[in-house]
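S.K.: So you can see what is in the structure, the chains are spelled out below.
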Amino acid sequence: GAGVSQTPSNKVTEKGKYVELRCDPISGHTALYWYRQSLGQGPEFLIYFQGTGAADDSGLPNDRFFAVRPEGSVSTLKIQRTERGDSAVYLCASSLDTLFEQFFGPGTRLTVL
Amino acid sequence: TQLLEQSPQFLSIQEGENLTVYCNSSSVFSSLQWYRQEPGEGPVLLVTVVTGGEVKKLKRLTFQFGDARKDSSLHITAAQPGDTGLYLCAGEGTGANNLFFGTGTRLTVIP
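Top line first, the protein sequences correspond to chains A and B.
When you read off a place in the first sequence, starting at 1, and then add 39, the result is the number in the numbering used here.
When you read off a place in the second sequence, starting at 1, and then add 79, the result is the number in the numbering used here.
By construction, these hints were calculated from the structure, which means they are not laboratory data.
Note that the structure is predicted; figures quoted are calculated from it, not measured.
Each hint should be verified, as a subset may be incorrect.
[Said to hold, decoys possible] A few chain B residues that face chain A, going by a derived Cβ cut-off under 8 Å, partial list only:
| no. | residue |
| --- | --- |
| 1 | GLY119 |
| 2 | GLU120 |
| 3 | GLY121 |
| 4 | LEU125 |
| 5 | VAL126 |
| 6 | THR163 |
| 7 | GLY164 |
| 8 | PHE179 |
| 9 | GLY181 |
| 10 | THR182 |
Beta carbons are placed, not taken as given, at the ideal position from N, Cα and C, and that holds for glycine.
Bound conformation, chain A alone:
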């Protein structure tokens, strides 16, 4: 497909477990963003990649959250020792370059029991 894809679409895990969420950006897009959207809220910025490097990770809530983009395309958001408060929809977006329109994926709904 031509859009941003995210897998899995839903993830249910137990408190304390480790999870990985994957984002496939639009081909050729150099910028990639992760956001978190809690129920009834707008998305909240987590981290931004330009190419392979994390250019801005100021939105990551704590050191349990980490993201990588080793080849400048696919990105993985990793959450260690999950907590119930981590339950949310995790959205990924990509853009052609910095300051261009961001295109969002459908999100991964994470539920921590």
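Starting from the known structure of chain A, fit chain B onto it as the hints suggest.
M.R.: Chain B in isolation, oriented as in the chain A frame:
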């Protein structure tokens, strides 16, 4: 701390009615964007307003950016059930390369 407050939070109207959604902040933004999000999907960009006082029209949707670039409004004329969704305003975040979203307005248009 940046804050984009949207009002109303929820809006339920009959098909054919007009409505206005507001996005307000105490901060100045160089631009504001409006998105619509449907259940199970990510936000989709509707419009970007850049200049204070700017008005943009997109079919039945009219977007306005306040003169001081602190607020914006979205007006929908003759709402249709297909307009149902979550409307989000967003400005540039603390870094120039991320978006800071408002609290959202959930619109339901009843046939």
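S.K.: Take the hints in turn and mark each one as holding or not.
M.R.: To see whether the hints hold, each was checked on the structure:
| no. | hint | in the structure |
| --- | --- | --- |
| 1 | GLY119 | holds (6 Å) |
| 2 | GLU120 | holds (5 Å) |
| 3 | GLY121 | holds (3 Å) |
| 4 | LEU125 | violated (11 Å) |
| 5 | VAL126 | violated (11 Å) |
| 6 | THR163 | violated (16 Å) |
| 7 | GLY164 | violated (13 Å) |
| 8 | PHE179 | holds (7 Å) |
| 9 | GLY181 | holds (5 Å) |
| 10 | THR182 | holds (6 Å) |
Going down the numbered hints, you'll see the structure goes against 4, 5, 6 and 7, while the others check out.
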